[in-house]
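Number of protein chains: 2
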Amino acid sequence: MQEVIKKLLQKNDTKIVFCVLDGVGGLPQNGKTELETANTPNMDALAQSGACGQHLPVAYGITPGSGAAHLGLFGYDPLEYEIGRGVLEALGLGLHLTPNDLAIRGNFATVKYEGDTPIVTDRRAGRIPTEENIRIVSKITEQIKEIDGVKVNMTSGMEHRSAIIFTFPEPIVEGGDAIYDTDPQAEGKSPIRPTGDNPQAQKVADVVAKFIDKVSEIIRDEEAANYLLMRGFAVHPNLASYSEAYGLNAACIATYPMYRGVAKLVGMEVLEVEDYSIKAEIDTLKRDFDKHDFFYFHVKKTDSYGEDGNFDAKVGVIEEFDSFVPDILELEPDVIVVTGDHSTPASMKAHSWHPVPILINAKNVRAVGAQGFGEADCLKGELGTFRAVDLMTLVLAHADRLQKYGA
Amino acid sequence: MQEVIKKLLQKNDTKIVFCVLDGVGGLPQNGKTELETANTPNMDALAQSGACGQHLPVAYGITPGSGAAHLGLFGYDPLEYEIGRGVLEALGLGLHLTPNDLAIRGNFATVKYEGDTPIVTDRRAGRIPTEENIRIVSKITEQIKEIDGVKVNMTSGMEHRSAIIFTFPEPIVEGGDAIYDTDPQAEGKSPIRPTGDNPQAQKVADVVAKFIDKVSEIIRDEEAANYLLMRGFAVHPNLASYSEAYGLNAACIATYPMYRGVAKLVGMEVLEVEDYSIKAEIDTLKRDFDKHDFFYFHVKKTDSYGEDGNFDAKVGVIEEFDSFVPDILELEPDVIVVTGDHSTPASMKAHSWHPVPILINAKNVRAVGAQGFGEADCLKGELGTFRAVDLMTLVLAHADRLQKYGA
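As they're listed, the protein sequences go chains A and B.
Sequential numbering from 196 applies to the first sequence in the working numbering.
Sequential numbering from 196 applies to the second sequence in the working numbering.
Please keep in mind that the hints were generated in silico from the structure rather than gathered at the bench.
Bear in mind the structure is a predicted one, so any value in this text is a computation, not a measurement.
Take the hints with a grain of salt, since some may be wrong.
If several chains are the same, the list does not tell them apart, and a pair holds so long as it fits within one copy or across any two.
Stated by the list, open to error - With a straight-line cut-off of 25 Å between C-alpha atoms, the simulated BS3-like cross-links for lysine-lysine are: (1) 201 to 544; (2) 409 to 307; (3) 474 to 334; (4) 575 to 558; (5) 558 to 201; (6) 575 to 227; (7) 405 to 307; (8) 409 to 486; (9) 409 to 481; (10) 558 to 481; (11) 599 to 575; (12) 558 to 210; (13) 409 to 544.
When you get a sec, could you build the whole thing from the sequences and use the hints?
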């Protein structure tokens, strides 16, 4: 669809606020979902006077990861584009990526040596404390800056996890993500030597192999974390930016690194937010409202409490967000969207495949069906059930930013 | 989607009962369809506490044949995969097929000879009695067992119809179904010589031509059935099995050969059923419930009465099935699906393009919208309107057999 949209774009000065309550979709307890249980007079009013429906993040029955779900919302078909695990890990640690970068997730592990052959005895190195991780990573980064002209950047994550970025002199056009994980997935086995499934990938894999050998030497005498397993080799997905794809000068208001990273991948400017609160995000929106025409506004805690199985706390975050809706409306955006990236029912303590309620409030809507903002109400709304990847087209239409298709 | 699903599969011990009431969708008489007229307290309860919607067997406005409709339900896009007429005819006669087989529908015809040239005078040989057909087919099979190393198997159908299977020494990878029908489609014309539209198909066509010549000799003196026209050259569609595609150990409970045959094409184990009754099918389900994790349960008569235009009898079959629902529930399946393969409105006496009501009852559903099981109710359900080919993904999701997509 992006090819079609590109030809139809017309500029204007409309402003769009695109609110994503992470994992907002739910399942009922006592007959009502989290969103239906929450007291949300402001969103209910927006739903009643807006266009409602439900979206499928990826496809019927498919439960999305956060990266895939956000790609869909942003209009990049997650069945076509992919954000690899390594890239997501790096973004989650706040690292920036370019098309020259290969990103990998590193896991410290424990091995014993049989002769020269390492045998994995603990794939997570006993989940070493994060401080230990930081100490060991700095030991490594002091000694390895570059391999064969490829810059190496390693950053500690939590416990045994880390992100490694190899920066090549040129963009990695092909093969960078066609390298097999070195993690043998079971204890008692040898780590797998890095290999690529095509000649281009093999060249990259050779650099990785040298890195692993050097790291093994450096940390050989560590008690627990004496080896590094590498997973999720991934290159920058090289997505068209929001400006190229939609003609939008877009900004991201999110507090968690991963979401800020995904927004950066599609060329949004990531705005500073004072702290992790919704209040601080609203302050940012007010502060920079004049500077952009599209605002991706992300609320994380709905998902976190869903994953915790905490129905009431999820309800609480939804109510908290609702209390700030008047502040958003005061800015008089032309289009306001409220939805989630996927469902995270508290009863499942996990992401799920269930459709996600959505409301679009703007000038030209029919405003039929939904009496409030909730799963059952949105099901009756005029937008019906549609794939998330179609949402951005609808948003642009409601912002009067698309010309007629065909003569 | 099957490629995506394959990567996400996770095994568990959930059990799925997938009930297909053939042609169940209908059109209203006195304001209610067959399904809505039927008194179905058990399915109504399942719908009310389950997820409902309606599926499009192939696409909007497309009326499917039985083979295509079942492919869709089983998750093989009927717009991509095809079960050829010859294969369907063979399956309908209870024949088994392998990838080495070329299946063809044979029609006995009457010809007169002008010199050596046969001219078709009756394309159906006056619809000879089936007993005549059987006598003539055995005359042929006694004399033709093999042609050029290709085994020949011919089986009588009803009236002038038969199925012919050529078994080649190797799988027919290409071209087997690229042979043109020999039926000239009009009386007064000569049968068309078998030709293929590529060199591989031409080789196969040469074998067919020899077969036709031999048959012509053998039955030349028959009064009515003195020639054999051949249609629907088709090879085994070589579909991924349920085990490969979905990790399911699937079984088929159906009484009619064609449905048993289609189930076999996707690698289901076809279970013995005592007689043609729904009761006998339920007995089979109970008997073998421990041995499989997916049960395709087919009820034929809904469609038969629809084709007859017998509204009340179709209602009766639906009510009969409903009376056995408690027996199914007693087995405590994790997921129960009730739907049809297509609509067969009694008022149309034929298959139709209308969407088909569906209910999925399982643990993680929203259970909103539908108050009972019928076309109008399902339209309000949380699943919305979707293509049948997406159903298996939903079923696997509800059986907790799919991991998260993307990082």
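(request) At 25 Å max between alpha carbons, let me know whether residue 558 reaches residue 481 within a copy, between copies, both or neither. (result) Answer is within; shortest intra-copy Cα gap is 22 Å, inter-copy 43 Å.
(message) Reference check for the pair residue 405 and residue 307, CA-CA at most 25 Å: within, between, both, or neither?
(response) within (20 Å within a copy, 70 Å between copies)
(request) Could you place residue 474 and residue 334 in one of the four classes (within, between, both, neither) given a Cα distance threshold of 25 Å? (result) neither (40 Å within a copy, 73 Å between copies)
(request) Since the copies are identical, ignore which copy is meant and state whether residue 409 and residue 481 lie within 25 Å (CA to CA) inside a copy, between copies, both or neither. (result) neither (50 Å within a copy, 62 Å between copies)
(request) State whether the alpha carbon distance between residue 599 and residue 575 is at most 25 Å within one copy, between copies, both, or neither. (result) The answer is neither: 28 Å in one copy and 28 Å across copies each exceed 25 Å.
(message) Within, between, both or neither: how does the pair residue 409, residue 307 come out at a Cα-Cα threshold of 25 Å?
(response) within (17 Å within a copy, 74 Å between copies)
(message) When Cα atoms must be at most 25 Å apart, do residue 575 and residue 558 count as within-copy, between-copy, both, or neither?
(response) both (20 Å within a copy, 23 Å between copies)
(message) Regarding residue 409 and residue 544, is the shortest C-alpha distance of 25 Å or less found within a copy, between copies, in both, or in neither?
(response) neither (41 Å within a copy, 69 Å between copies)
(message) Checking an output row: residue 575 and residue 227, CA cutoff 25 Å. Within, between, both or neither?
(response) Answer is both: 16 Å inside a copy and 17 Å across each meet the 25 Å cutoff.
(message) I want to check one pair: residue 558 and residue 201. Are their C-alpha atoms no more than 25 Å apart within a copy, between two copies, both, or neither?
(response) within (23 Å within a copy, 43 Å between copies)
(request) Pop the pair residue 558 and residue 210 into one bin, within, between, both or neither, using alpha-carbon distances up to 25 Å. (result) within (12 Å within a copy, 42 Å between copies)
(request) Up to 25 Å between alpha-carbons, please classify residue 409 paired with residue 486: within, between, both or neither. (result) neither (47 Å within a copy, 53 Å between copies)
Checked against the numbered hints given earlier, the structure breaks hints 3, 8, 9, 11, 13 and satisfies all the rest.
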